[in-house]
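Enquirer: Got chain E; can you put chain S on it based on the hints?
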Amino acid sequence: MELIASQKQRVWKLPAVVNFTMGGIGTGFYLLALLVALPANGEWLQAFLAGQADWFSIAFIAAIFKLVGVGCAGIGFIALTTEAGQPQRGINLFRHLRRSWMSRETLAFFLFAAFAGLDWLFPFVALRALAAAAALFLMIAQGFILYRARGVITWNTPRVIFYFVTCGFMTGAGLMLIVFNGVNFFTPLSSAFSFAAIGFAAALFNLALWFIYLRSSDAAFQKAVAELRTQKALLQIVGIGHVLPALLLGIVVIANGAIAFSGLLEIIAGALLIFGGARQKYGIVLEAGYLRAITLSPAKFDALRRRARSA
Amino acid sequence: MSRWGMVIDLRKCVGCQTCTIACKQTNNTPPQVFWRWVADIETGEYPDVNRRFVPMGCQHCSNPPCLEVCPTTATYKRPDGIVDINYNLCIGCAYCIVACPYLARNIVFETKSYYETGLIPPEETLAHPDRIGVATKCNFCLPRVDEGLKRGLKPGVDPDATPMCVGSCISNAMHFGDLEDPESIVSRYIAENETVRLSEELGTESAMYYIVE
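If you read the protein sequences in the order shown, they are chains E and S. The first sequence: position 198 = 198 (the working numbering), numbered continuously. Every number in the working numbering is 1000 more than the matching position in the second sequence, counting from 1.
Chain E on its own, in the form it takes in the complex:
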């Protein structure tokens, strides 16, 4: 028997959306940036000490690909301070690493920032690996934060963790398409893989995960995600946020350099991928964030009632 109907949570607002969105963008971007071949391997300090004239350019480009991801995730954390009641006690966030995914998320962010920062200063493959591991853990931790919120029906599903990972890579690829093409305009860059192909694949993976996320045999879950199934939401999330950028990137991949303005197409597609991911997270947190109905176990209740009547 349902005592109290499901209702929308009202305590996590836009700052939470910003945190989850920027966290995904930042970590996804950093992980993909590992594929970029940086000028002089990013060793700007050596170039500076050797008196090379281009040391600043090396340092600047390395900073873009090694620190922008940290900056994005940092913006998310800063956004959260506007929502917390006592943000000045933030140091307490590290107190429950044993069980709380929010503690783990915070630790992952600081490790990510520390290792990425050190790797920028003193490029070293072990530091990069540690930063990448922390970034991946941060991406996963954000999914677990929602998953462990047992009060919210649409968050408390393991599907949300997988969704967060694919969305992180998709939006990270979106930022990478913008940044890579933007930097490439001034300084020719190369990468181990085509970011257009990665963005295309990430969009399709994330779209598949999105439809899997929305599917559930639970009627309460279905009701909670109803706003995400409206025509307007589908147009924004699926049409503008996934299908359109996937089409643009598909054209770029198939043309394989034959189109003169492929860089511009990639930048537009990148922006659309970011929009798609941000719109999804807005939907999950604010539109579908329904608290569970409070129930008295139906079977037990009916049995008790029948017993009372027969007595």
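Worth flagging that the hints you see were computed from the coordinates, not collected in a lab. Given the structure is predicted, the values throughout are model-derived calculations rather than measurements. Treat the hints with care, since some could be wrong.
Computed, partial: chain S to chain E, Cβ under 8 angstroms [claimed, not checked]:
hint	residue
1	T1043
2	C1093
3	L1202
On the chain E side, residues computed to face chain S include the following (Cβ under 7 angstroms) [claimed, not checked]:
hint	residue
4	L3
5	I4
6	V11
7	G85
8	R89
9	N92
10	R95
11	H96
12	R148
13	V152
14	R292
15	I294
16	T295
17	L296
Note that beta-carbon positions come from the ideal geometry of N, C-alpha and C, so glycine has one too.
Expert: Okay, now just chain S, sitting in the frame of chain E:
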């Protein structure tokens, strides 16, 4: 060790909200914040319709969803089962609020008055600045229970050592006591009646038992 819990006999509850007000008065909770409240629920379909009153609040779960998510350990469970909040540690992230499946937790960001004119002197005296920007909830009137135990009183039996909602209930629908003690009033009620707990399917193992029929 004791395990404090409640039994609420829904057959007796008349929905008078005396427990709600007693709680507000005892714990000086601000406007819009209810640590104890009574849900007014209509069940069944015409002509077989029932109106039911269900006192709600923190269920002091054995497996509290709020505790495991709290990043600061501000939410903690005492050995006697009472789930409480250390306001000095809480950062007000509200994670516990979205984790709690019982709508038991609140957060307010500023001191509010019940009056349009602003805080009146009694409200200023009874204001709790330590509860601003942090999560709050029912703590089974923990100060009364602890103080009563110090004085050798028995919670659930002696009114001075019993949560105010229980002590104020006009229909004797609410009972408090030690779930581990087979002779306690709550254990006896559980033994003698069919009881249910809220949202049992979530496995929270709440310490609030309800007698429905």
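Enquirer: Against the structure shown, which of the earlier numbered hints fail to hold, in ascending order?
Expert: none
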